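K.L.:
Sequence:
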Amino acid sequence: MKYNLFKNKSWILPIALLGSLISNAQQIDIEKAPAPLYRDPVYDGVADPSIIWDDSGKQWIMYYTSRRANKTGLKGVEYCYGTAIGIATSKDNGVIWQYEGVANLPQPDKGLNTFWAPQVVYDTLKGVYHMFVTYIKGVYTDWGGERQIFRYTSKDKINWQFAEKIATTGCIDAMVFQIKNGYWKMWYKDEKRNSRIYTAISEDLTDWQLTDTEEAAGNSHEGPVVFSFKDQYWMLTDMWNGLDVYTSNDASNWEYNNTILTLKEPGRRPDDNVMGRHADVIVLKNKAYVIYFTHPGRIYKNEKEKSESTYRYRRSSLQIAELEVKEGKLNCNRDKYYLGL
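Mapping of the sequence shown onto my numbering: residues 1 to 341, in sequence order.
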């Protein structure tokens, strides 16, 4: 839907008030966090995490793609399809995560279908959770299927109601973040336009205007995550050999900053011996933490991945690490607390 973006600003919260909405209960105890941080107890294929604070339950809630890594008889990338959105919670500052089942997401099609890459945000004014998620009808053994971005809403964070299809096709990995002037912005991967990052914008999380603007231009990537840290915006994108980092003063014009969690700089922690993939970021006051997934059983030769139809190849784990800005560059020493550095 097209509309005048700034026709009504009366709903916009001042930035100072937005900051005050962070509960004092929100903490991450990264020094005690295990490695790996989490593995899906059903299919062992956790990917694409989205983590949000639940103030009513005084807990962290994580939504993720539950790839069917340990299911036998699947061919090609079939284990990446037919996937539900898994849920896990932590009441002890992100140290122990309890599996809570899967999100109840009504589907428009019968049979086994596919959900990928959830992004959950909370509308503090209306008390409603919004999930933006990729939906694909059916299951494929190759990277087939028509991708769509759906929006769902929920009050209890488990049972969801379908709200709308965002007017995009061939698009995945929606990231939604409220920026300084109060409106909401979405970044997503457009596979029909060379897998570049495009955007949409909304006043109220319900009506979205596609901007037709490529951001973090010049490269193909996926899984964008945007956050505010150290007085500027940051974007991480999965570029299939680590995470590219971009910076911006206005959340629109981005400059390449660094690449982190690369294959050349593996971690020493269990299941952290390879590149980091599609991530989420938690910012608490002056600290930032990246939660990313790895495929620890994959084998590489000269930085090229050896494809296998094995459980070892398919399984995945979550890790957490601290992000730090040093001399203007965003860095991530994933072994910092493991080695006591």
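What the hints contain is simulated information worked out from the structure, not anything from laboratory work. This structure is a prediction, so every number in the text was calculated from the model and none was measured. Incorrect hints may have been included.
Below, a list of computed lysine-lysine pairs in the BS3-like style, where the Cα atoms sit at most 30 angstroms apart [as the list claims (entries may be wrong)]:
(1) K301 <-> K75
(2) K336 <-> K287
(3) K91 <-> K58
(4) K32 <-> K58
(5) K165 <-> K110
(6) K264 <-> K326
(7) K91 <-> K336
(8) K287 <-> K157
(9) K306 <-> K71
(10) K304 <-> K58
(11) K230 <-> K75
(12) K329 <-> K264
(13) K285 <-> K32
(14) K165 <-> K126
(15) K287 <-> K264
(16) K58 <-> K137
(17) K91 <-> K301
(18) K304 <-> K75
(19) K75 <-> K137
(20) K137 <-> K157
(21) K58 <-> K110
(22) K304 <-> K180
(23) K157 <-> K110
(24) K126 <-> K192
(25) K336 <-> K32
(26) K157 <-> K180
(27) K230 <-> K58
(28) K180 <-> K329
Cβ-Cβ distance ranges computed for the label pairs, FRET-style [said to hold, decoys possible]:
(29) E308 <-> D204: 44 to 52 angstroms
(30) E78 <-> D250: 26 to 34 angstroms
(31) N273 <-> T213: 33 to 41 angstroms
(32) T72 <-> R268: 28 to 36 angstroms
(33) G144 <-> E308: 38 to 46 angstroms
(34) S252 <-> G144: 31 to 39 angstroms
(35) G127 <-> W240: 20 to 28 angstroms
All C-beta atoms in this analysis are idealised placements derived from N, C-alpha and C, irrespective of residue type, glycine included.
K.L.:
Is the hinted pair K91 and K336 satisfied, with a Cα-Cα distance of at most 30 angstroms?
P.N.:
Holds: K91 and K336 sit about 24 angstroms apart, inside 30 angstroms.
K.L.:
Do the alpha carbons of K180 and K329 lie within 30 angstroms of each other, as the hint requires?
P.N.:
holds (22 angstroms)
K.L.:
Does the alpha-carbon distance linking K304 and K75 stay inside the 30 angstroms limit?
P.N.:
holds (21 angstroms)
K.L.:
Range hint 31 to 39 angstroms: satisfied by the CB atoms of S252 and G144?
P.N.:
holds (33 angstroms)
K.L.:
Would you check the hint for K287 and K264, treating anything up to 30 angstroms between C-alpha atoms as holding?
P.N.:
holds (26 angstroms)
K.L.:
CA of K329 to CA of K264, is that 30 angstroms or under?
P.N.:
At roughly 18 angstroms apart (the allowed maximum being 30 angstroms), K264 and K329 satisfy the hint.
K.L.:
K58 and K137 were given as a pair; does the straight-line alpha-carbon distance stay at or below 30 angstroms?
P.N.:
Distance of about 36 angstroms is beyond 30 angstroms: violated.
K.L.:
Does K58 lie within 30 angstroms of K304 when you go C-alpha to C-alpha?
P.N.:
violated (43 angstroms)
K.L.:
Holds or violated: K306 and K71, Cα atoms, limit 30 angstroms.
P.N.:
holds (20 angstroms)
K.L.:
With the threshold set at 30 angstroms, check whether the alpha-carbon distance from K91 to K58 stays at or below it.
P.N.:
Between K91 and K58 the Cα gap is close to 7 angstroms, so the pair holds against 30 angstroms.
K.L.:
Quick check: does the Cβ-Cβ distance between G127 and W240 fall within 20 to 28 angstroms?
P.N.:
Violated - the Cβ-Cβ distance for G127 and W240, about 39 angstroms, lies outside 20 to 28 angstroms.
K.L.:
Between K285 and K32, does the CA-CA distance stay at or below 30 angstroms?
P.N.:
holds (19 angstroms)
The structure does not agree with the numbered hints 10, 11, 16, 17, 21, 22, 24, 30, 33 and 35 stated previously, though it agrees with the rest.
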